[in-house]
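Let the sequences and hints guide you as you build the complete structure.
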Amino acid sequence: AGSSEEGKRRGTADVLVRHAAVGVLSRSVKAANSFPLTLQLIFECIYGKQSSTKLKQAGMQFAVWTLRNAQDAVLAPMAGVLLSGLIKFLDTMDSDMEGGQQAIVQLRGFTFSAMGQLAQRAPTLFSSDIKVAKMLFGALSSEMPEIRVSVQEAVSLSCVAYQSVAGDAKEELMNLLIDSVTQDSHQARFCAVYWANRLFPFSEPRARHINLLAIDDKKVEVREEAARGLAKPVASKVRESLVPEESKASALDKQNQT
1 AGSSEEGKRR
11 GTADVLVRHA
21 AVGVLSRSVK
31 AANSFPLTLQ
41 LIFECIYGKQ
51 SSTKLKQAGM
61 QFAVWTLRNA
71 QDAVLAPMAG
81 VLLSGLIKFL
91 DTMDSDMEGG
101 QQAIVQLRGF
111 TFSAMGQLAQ
121 RAPTLFSSDI
131 KVAKMLFGAL
141 SSEMPEIRVS
151 VQEAVSLSCV
161 AYQSVAGDAK
171 EELMNLLIDS
181 VTQDSHQARF
191 CAVYWANRLF
201 PFSEPRARHI
211 NLLAIDDKKV
221 EVREEAARGL
231 AKPVASKVRE
241 SLVPEESKAS
251 ALDKQNQT
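All letters in the sequence shown, in the order written, are residues 1 to 258 by UniProt numbering.
You may find that some hints are simply not true.
Keeping only pairs whose Cα atoms sit at most 27 Å apart, straight-line, the calculated DSSO-like set for lysine-lysine is [to be verified]:
| id | residue 1 | residue 2 |
| --- | --- | --- |
| 1 | Lys88 | Lys131 |
| 2 | Lys134 | Lys30 |
| 3 | Lys30 | Lys54 |
| 4 | Lys134 | Lys170 |
| 5 | Lys170 | Lys88 |
| 6 | Lys218 | Lys232 |
| 7 | Lys232 | Lys219 |
| 8 | Lys88 | Lys54 |
| 9 | Lys134 | Lys219 |
The hints are simulated quantities; they were obtained by calculation from the structure and are not laboratory data. Bear in mind that the values here come from a model prediction, so they are computed numbers and not experimental data.
Below you can see the structure in the form of structure tokens.
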């Protein structure tokens with residue numbers, strides 16, 4: 001019995017030491033650039049059999065630190081594995097973990113923040129798979145209100161990753177935004193309008209339809225974003241002002257002749 005108690009105390013001490021060590025590494029740029037040890041540390045913290053709630057949180061903080069500070073050449077070989085690991089962590093997170101709901105909120109918040117950082121650093125990972133966008137928009141409605149702030153941050157940061165989407169994938173994206181702008185979650189509605197304004201041209205009628213659906217929203221930030229989408233871009237106005245009056249008249253004459 002004595003050796004069992006001693007083992008428990010030693011295990012607890014080991015976890016505390018590792019937690020402190022990860023905290024120190026989360027302030028080290030060199031640690032963020034030490035691939036593959038960086039990836040091993042993150043996964044050991046969040047998936048390790050001896051890991052604790054605090055160690056998982058420290059691991060996710062280190063993941064965010066790494067995504068902000070790792071050089072492109074270091075991040076490239078681990079970005080895909082890290083994205084898969086983050087998604088799996090969200091899907092398999094224990095709802096009865098030590099620390100209760102507060103711990104879950106912090107952990108899931110850190111995980112979504114890491115995904116947002118990853119989207120900025122490795123955008124092609126996201127643009128090649130609309131499923132990630134669908135998962136993030138779904139989380140804006142399904143996650144606890146305390147977590148949705150982090151989800152919204154991740155969605156906003158990942159927007160730029162989808163600028164190169166084309167073809168069927170872009171059609172899927174539009175359908176996702178049309179569905180999201182009618183959700184009960186005001187974060188989902190805001191992000192739908194935000195993406196429509198940035199990923200589709202002013203001439204896209206369905207994007208403007210999304211703005212019209214949101215223009216009377218009960219949330220002021222949603223209404224304001226919708227109004228931005230209905231205002232003609234300054235660049236378009238400038239281009240029009242640069243067209244000589246004779247050219248405009250000539251174009252009008254041609255239209256009248258036809």
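For this session: List in ascending order the numbers of the hints, as given earlier, that are violated by the structure.
Result: 2
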